[in-house]
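Its first residue numbered 12, the sequence shown is counted upward by one per residue in this note's numbering.
Read the hints as simulated data drawn from the structure, not as lab findings.
All C-beta atoms, glycine included, are put in the ideal place defined by N, C-alpha and C.
Among the clues, some could well be false.
Claimed, not checked - Okay, derived cross-link-like pairs now, SDA-like style, lysine to any residue, Cα gap no bigger than 25 Å in a straight line:
| hint | residue 1 | residue 2 |
| --- | --- | --- |
| 1 | K181 | E217 |
| 2 | K394 | A376 |
| 3 | K93 | C199 |
| 4 | K93 | E333 |
| 5 | K111 | E138 |
| 6 | K33 | A324 |
| 7 | K359 | F202 |
| 8 | K515 | R308 |
Said to hold, decoys possible - Computed beta-carbon distance windows for the label pairs:
| hint | residue 1 | residue 2 | range |
| --- | --- | --- | --- |
| 9 | N231 | F75 | 33 to 39 Å |
| 10 | R352 | L587 | 47 to 53 Å |
| 11 | H21 | Q336 | 20 to 26 Å |
| 12 | Q294 | N231 | 24 to 30 Å |
| 13 | Q477 | L206 | 48 to 54 Å |
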Amino acid sequence: MPSHLLLADHLIDAEDYDEAEKTLAKVIAVNAWQPEAWAYRAIIAHLRGDGRAEAEARDAALKFWPANPGVLHLLGKKLAQKYRFAESATYQRQALNFDKGFLPAKIQLAQDVLRLGEEQEGWELAEQVHQADGYDVAAYNLVTLRESIRKFQTLTNEDFIIRMSPHEAKVYGERALALLQRAKGVICQKFGLTLTQPTIVEIFPEQKDFSVRTFGMPGNPGFLGVCFGRVITANSPSSQGAHPENWEAVLWHEFCHVVTLQLTRNKMPRWLSEGISVYEERQANPAWGQHMHSRYREMVLGDDFTPISELSAAFLSPKSDEHVQFAYYESSLVVEFLVERFGFASLKKILVDLGEGKAIDQAIAAHTAPLDKLEKDFAAFAKERAEKLAPDLDWTEPPGRAAARRASEGRRRGRSREGLRAAASAVPEMEAAWETLHPENFYVLTKQAEKLLAEKKWEEAKAPIQKLIELYPSQTSPDTAYVMLAAAHRGLNETASERAALAKVAEREADAVEVYARLLELESSATNWPPVILNAERYLAVNPLVPLPYRFLARAAEAVGEKPKAIAAYRQLLLLDPPNPAETHFRLARLLHETSDPAARRHVLMALEEAPRFRDAHRLLLDIAVAGKAPASAEQKPAAPPSTPPSKP
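Make the full structure from the sequences, and use the hints.
Here it is in structure tokens:
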């Protein structure tokens with residue numbers, strides 16, 4: 012029976028309630044009053060919106076022990092896993108009414124109310140559990156986390172409460188607040204929701220703290236952010252290593268969850284919740300979200316395509332990290348299909364019905380089409396979308412690639428090493444001839460381009476790369492022909508062409524910081540200041556904790572006369588230990604002086620503290636002193652362009 016109960020638990024997580032019912036029936040056939048089996052039946056009834064069946068199953072679970080706290084705790088725990096935190100909290104309180112010392116219910120209640128934004132009660136409950144059982148891992152983690160959060164700085168307005176480390180709050184806290192405010196204006200209006208409480212956003216510089224706040228335990232890598240309804244937790248760019256994701260896209264995605272979860276009272280399947288958020292990312296910025304590319308094309312047309320009714324399960328037990336990302340993309344494609352075919356109003360009506368307790372199948376059928384028909388139509392839609400990706404390109408899988416894939420599958424299926432070697436032994440002889448017969452094949456052209464670039468045959472590499480771009484102009488990651496083309500142009504010192512190729516990448520990729528950095532260098536050398544500002548902003552949307560983008564942004568904004576933007580960028584730059592603080596202080600002081608800001612004097616003195624022989628700084632200090640004695644209406648004399656400050660002796 013324990014194995015069947017565990018299987019039922021997993022099936023409920025996967026939203027396969029019919030199979031879960033069949034599994035529970037086997038348990039009840041052996042023990043007609045097995046309390047956990049009836050508790051699971053009550054959970055399924057609750058998730059289906061069948062209050063009568065839920066009450067009957069709950070009564071059966073409590074038949075021989077009416078005050079069994081474990082039954083109510085299990086009911087609430089599974090509902091919390093479905094993001095039904097309010098319902099879970101109700102059940103945990105009932106369990107504690109049966110037994111005030113039942114710690115599993117108390118620690119679950121602590122996590123539930125923390126996720127609901129009722130923080131004072133949540134922290135107090137966690138402390139009570141920790142005092143009662145010092146070995147309760149979840150309680151210990153939460154109590155320890157509270158000490159870390161107490162050190163955070165809080166930024167607020169009437170709509171948001173943001174908590175983050177003091178250093179990061181100074182660097183990009185206002186930028187995060189402005190982004191969330193913009194997201195609220197766009198998404199709430201679009202979905203017709205008026206939020207009645209501020210949204211809480213906590214941004215963690217350490218991944219372990221994010222995991223404890225989000226899941227109760229450290230670990231669980233791979234999550235960038237999570238939304239519980241009115242509470243968002245997110246990983247800071249500083250916690251993501253050398254290649255952070257676009258944090259602005261992450262916060263936009265999570266705020267969309269705030270809207271859809273509150274519209275539905277957290278009563279929506281995961282695939283729909285994630286699908287809407289990824290879809291809304293794309294609507295906000297074409298570079299955000301996920302897009303069809305060569306690998307997704309292969310997965311849609313192959314064996315990895317998932318029916319709508321099974322999409323939530325695709326997030327639970329994926330074959331690989333790539334399959335998780337594909338589940339996000341396919342879910343967003345379902346949303347795009349629904350909007351294109353039935354209109355955005357139909358999608359909103361589905362969410363309203365879910366909030367009123369209707370099952371997803373019923374809500375979809377009421378405003379679109381029956382699920383079985385919808386699945387067939389969506390499969391055709393997705394297949395058509397995949398086949399329209401570079402239709403003139405040959406997508407046939409080469410023998411070598413096919414053999415490698417089969418070998419990988421063979422290893423998973425337990426085939427012998429000898430058999431795998433024999434299967435692959437004939438491939439090299441076939442491959443060269445096959446490539447000759449398929450000159451416009453995606454994989455062949457990519458292989459040729461990569462080989463020529465590795466050999467530094469820049470001019471020769473252009474031919475396969477340009478053919479790839481000609482046949483597949485809308486490439487996005489991981490189809491990086493434009494990056495390869497830029498590398499070839501760079502090898503040949505063709506700067507203008509390199510810049511044009513990289514610009515194509517920058518407008519389509521949300522986190523290509525290496526591309527943004529190279530464009531900053533090229534565009535600033537050519538004094539093309541508007542593209543410098545654009546790419547600096549793109550860089551900051553990925554990593555706002557490094558000096559480089561602020562330095563370029565400040566120079567460009569100063570050059571085009573955007574003084575407030577330049578002043579803000581120089582101030583942020585000074586928070587990040589720039590390599591030449593004297594010059595940064597001087598440039599900031601000069602701008603502040605031009606705007607009659609008395610802080611100019613302090614910054615020019617700091618420039619001289621770093622470089623006492625900095626002549627332009629001495630001149631500026633004299634100008635500031637003279638201006639301080641002059642009438643307020645006196646015109647400022649334009650300052651001469653600065654010389655490079657000498658090194659500090």
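Item to check | Enumerated hints in conflict with the structure, sorted upward | outcome: Nothing - there is no hint that the structure violates, so all of them hold.
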